[in-house]
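Protein chains: 2
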Amino acid sequence: MANGTHRPALAAVIGGGVIGGGWVARLIQNGVDVRVFDPDPEVPRKITAIIDNADHALARLTIAPPPARGRLDFAGTIAEAVADGELIIEAVPERLEMKQAVYAEIELVAANDAIISSSTSGIMPSDLQAKMGWPDRLMVGHPFNPVYLLPLVEMVGGKKTSHETIRRADEIYRAIGMHPLHLRKEIEAFVADRFLEAVWREALWLVKDGIATTAEIDDSIRYGFGLRWAQMGLFETYRVAGGEAGMAHFIKQFGPCLKWPWTKLMDVPELTDELVETISSQSDAQSGSRSIRELERIRDDNLVAIMQALKANDWGAGKTLANWEAALYDAIPAAAQTDITMPLETLRRRVPAEWTDYNGHMNEARYLDCFSHATDVFMRMCGVDAAYVAAGGSYFTVETHIRHLDEVRANAEVHVTTQVLAGAGKKLHLFHHLYEGDNRLLATGEHMLLHVDMSSRASSLPGESVASALADFVDAHAGLPIPDGAGRAIGVK
Amino acid sequence: MANGTHRPALAAVIGGGVIGGGWVARLIQNGVDVRVFDPDPEVPRKITAIIDNADHALARLTIAPPPARGRLDFAGTIAEAVADGELIIEAVPERLEMKQAVYAEIELVAANDAIISSSTSGIMPSDLQAKMGWPDRLMVGHPFNPVYLLPLVEMVGGKKTSHETIRRADEIYRAIGMHPLHLRKEIEAFVADRFLEAVWREALWLVKDGIATTAEIDDSIRYGFGLRWAQMGLFETYRVAGGEAGMAHFIKQFGPCLKWPWTKLMDVPELTDELVETISSQSDAQSGSRSIRELERIRDDNLVAIMQALKANDWGAGKTLANWEAALYDAIPAAAQTDITMPLETLRRRVPAEWTDYNGHMNEARYLDCFSHATDVFMRMCGVDAAYVAAGGSYFTVETHIRHLDEVRANAEVHVTTQVLAGAGKKLHLFHHLYEGDNRLLATGEHMLLHVDMSSRASSLPGESVASALADFVDAHAGLPIPDGAGRAIGVK
Chain A
1 MANGTHRPAL
11 AAVIGGGVIG
21 GGWVARLIQN
31 GVDVRVFDPD
41 PEVPRKITAI
51 IDNADHALAR
61 LTIAPPPARG
71 RLDFAGTIAE
81 AVADGELIIE
91 AVPERLEMKQ
101 AVYAEIELVA
111 ANDAIISSST
121 SGIMPSDLQA
131 KMGWPDRLMV
141 GHPFNPVYLL
151 PLVEMVGGKK
161 TSHETIRRAD
171 EIYRAIGMHP
181 LHLRKEIEAF
191 VADRFLEAVW
201 REALWLVKDG
211 IATTAEIDDS
221 IRYGFGLRWA
231 QMGLFETYRV
241 AGGEAGMAHF
251 IKQFGPCLKW
261 PWTKLMDVPE
271 LTDELVETIS
281 SQSDAQSGSR
291 SIRELERIRD
301 DNLVAIMQAL
311 KANDWGAGKT
321 LANWEAALYD
331 AIPAAAQTDI
341 TMPLETLRRR
351 VPAEWTDYNG
361 HMNEARYLDC
371 FSHATDVFMR
381 MCGVDAAYVA
391 AGGSYFTVET
401 HIRHLDEVRA
411 NAEVHVTTQV
421 LAGAGKKLHL
431 FHHLYEGDNR
441 LLATGEHMLL
451 HVDMSSRASS
461 LPGESVASAL
471 ADFVDAHAGL
481 PIPDGAGRAI
491 GVK
Chain B
1 MANGTHRPAL
11 AAVIGGGVIG
21 GGWVARLIQN
31 GVDVRVFDPD
41 PEVPRKITAI
51 IDNADHALAR
61 LTIAPPPARG
71 RLDFAGTIAE
81 AVADGELIIE
91 AVPERLEMKQ
101 AVYAEIELVA
111 ANDAIISSST
121 SGIMPSDLQA
131 KMGWPDRLMV
141 GHPFNPVYLL
151 PLVEMVGGKK
161 TSHETIRRAD
171 EIYRAIGMHP
181 LHLRKEIEAF
191 VADRFLEAVW
201 REALWLVKDG
211 IATTAEIDDS
221 IRYGFGLRWA
231 QMGLFETYRV
241 AGGEAGMAHF
251 IKQFGPCLKW
261 PWTKLMDVPE
271 LTDELVETIS
281 SQSDAQSGSR
291 SIRELERIRD
301 DNLVAIMQAL
311 KANDWGAGKT
321 LANWEAALYD
331 AIPAAAQTDI
341 TMPLETLRRR
351 VPAEWTDYNG
361 HMNEARYLDC
371 FSHATDVFMR
381 MCGVDAAYVA
391 AGGSYFTVET
401 HIRHLDEVRA
411 NAEVHVTTQV
421 LAGAGKKLHL
431 FHHLYEGDNR
441 LLATGEHMLL
451 HVDMSSRASS
461 LPGESVASAL
471 ADFVDAHAGL
481 PIPDGAGRAI
491 GVK
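If you read the sequences in order, they're chains A and B. Position one of the first sequence corresponds to residue 1 (my numbering), numbered consecutively onward. Position one of the second sequence corresponds to residue 1 (my numbering), numbered consecutively onward.
Hint data in this document are derived by calculation from the structure and do not stem from the laboratory. This structure is a prediction, so every number in the text was calculated from the model and none was measured.
Because identical chains cannot be distinguished in the list, a pair is counted as satisfied if it fits within a single copy or across any two copies.
For lysine-lysine, the following DSSO-like pairs were computed, each having C-alpha atoms within a straight-line distance of at most 27 Å:
#1 K159 to K208
#2 K208 to K185
#3 K160 to K208
#4 K159 to K131
#5 K160 to K131
#6 K131 to K185
Kindly produce the complete structure, drawing on both the sequences and the hints.
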């Protein structure tokens, strides 16, 4: 499967419940215009609440600049919703006849090359497409709640689904920050929901038999294996646990448990040598290029600070996030498109709850976090991007002076403006202002940076294009007043 | 169950595999002396590797000061290992006869009030204790790999286990940073492993039938519901997904799936009204004090930066971590016990991988993170602790000056020393040095702080005991030279 991405201009979402609403939020956050149809008059209110949650989450998830938000319209009919849509998402209740009736309406007006993606959790796509005129464009794209945050989407084609439909859907899902997983065989409930169903049925037995309450069952998950599964799945986790003896040894060691009454769900496969070998070699192909030692370290780091740390480790769901952020950064307008005669807006975000400390306000260290991110955005405006750094140049901060003038609480919207005080030769002198809302000044940050050669780690002159872009900013800011607090020291009485 | 904690002085671990070794690491990190017995001559090497992993993880998990590390000894016999041990952990292979033979040896020498805790994943404690002379002190304490990191331990008593044994074990597990979950009924495989077994059996079917590979199965978990289960379990997740209609509605809506072939494991409970009501009311008791809206927000925040963010949210596994850290901070020696005539060591840790940035070194903002934590430790030395803050006083940083003098890579050990330049009335003037290893200077941090009244958020005089502790530090540091760089400003040319 290619890893290209393609962002559609317009999508339709039929059904505005928790899943449909989650799709809407993810799509508009990623710059896709969306038309929604749902006969329930409460749907606009419900979707607004979901988008509100999604915006709250996005502010914590990334400081990468979002694309211009997609437009959201509520359509009066299915036909109105799907006309001209490149991607048509069906998220109506899990009843085959209802879904087939929706496809019939869609087919009256949809473009021949529109992708029709069902969000069903379990109905087989061959059944969904059975009565369609052009069934090749129907597939299952099964997401997970909350759709605007969880990256997984299971893609399943039916007997009549074209390869081209799956390929194009893969590109679209990647473009909106998801991790498409293409399943090659149809089966009811696909893969993830078979696990959820097995756990659900087992949990029902445990509750029914009075073994554990819902709270105890939840705790048995979230204090233990749930933490593991946020970063590795079943097989890789067991591979690591099995250690140097290998996966086949692990399976055989635990094989006898399959004969024990360790679940209420008793129909089990025969553990033939062939099955053991299949699992063992698949696990080799999946994980064999890393030693157990490396896998343990990756696992442990992930368990400590999962979502954000996954990004730092270029692993799993964090990799999905990083790819998506990189695309957003690539889309930052070049400096020439911005009014650069005033201090530049280099950061706008909400204060995450986890940035606050025992004093009930944003921790002092997060002030520098804001200024550091603002400096990074300004760097990219000057052409210091991933390619420039890879080619061997960058700027390092050598001195920082912060005046913490006022406190700020969780969820407040803050922004940073950046003024260039000087920038010639190896040196760059920046001055940031951090505000809450329009103009409540929270802090100033004054920073001296040096350009460095990334091989020698010694100071060096920037490349010509960076020097030139920087000179433009210096010229543009030459007439601005020197900001209050610049050049100040902490006084020793 | 009371929430008191008790840290034993000495523990024995019988069996030094992945689970036994994980117990050893967690215990010595928490200041418990441990004697290990395992006839395998490779065990000292294997346990050293596990402890190395655990230390790597601990450096990322917390900057709270660890207690003096427990002593590790390898015993030549079971008798030598368990003599005088307050907690005796059995972690030998899952064979009833072998475990019973181990208990017989333990009973020859163990103290009458020693707790004997089996790490079995599935054997019922009534069977384990069947042949014991003093069976009241045997229980199951089932941990999860990696034991040094995952907080869950399932506690299960057998027919003859005393309440006192369970109560004391609960206090011990809490003292070493774990979340004990007391299961009131015996059942094979307890609770968590029944889910793992159900998922494992289902996964075996999917692989056997060629529906998905091990890698695809793992991705279907870790990009989707695995992220959810790191912070909420099955029932609370579904409660949130079900929204305002409530848990009973959710169960009934998805009830029909139980009749569908959505798992290979087909023996399912009858969804009677009574069962629906049981689940619904248990879920109310568990989650009903929060609105769906609140739960959604908690869920979303958790998904973004799970382990560390869970701590900030005082929720789930993060709460376990926070409680444990608080106990470690409480154990910091009072200032009187430290030589305070030299700059004070206020931080020592390794640089986590996620603190580094695209320049391949610790991000500039993390320098202030280090200084901020160092300031917090100094604050506690002066008596500004959780109780002082709760009573209405604290210090806020108003100005920061950092000289970033050198770069530092992931995993390097760094430490901070703190010198008091001035501290009288409302003001406090601190100067930190950040070093890698013994003496490679990475940065200096100069900080002006003001004491504040937490109600009015205005500056105020500190309490007498804090002012007095601070005065002692000021006197002790009065003869130290003014550090290089103090009082400096970033020069505007």
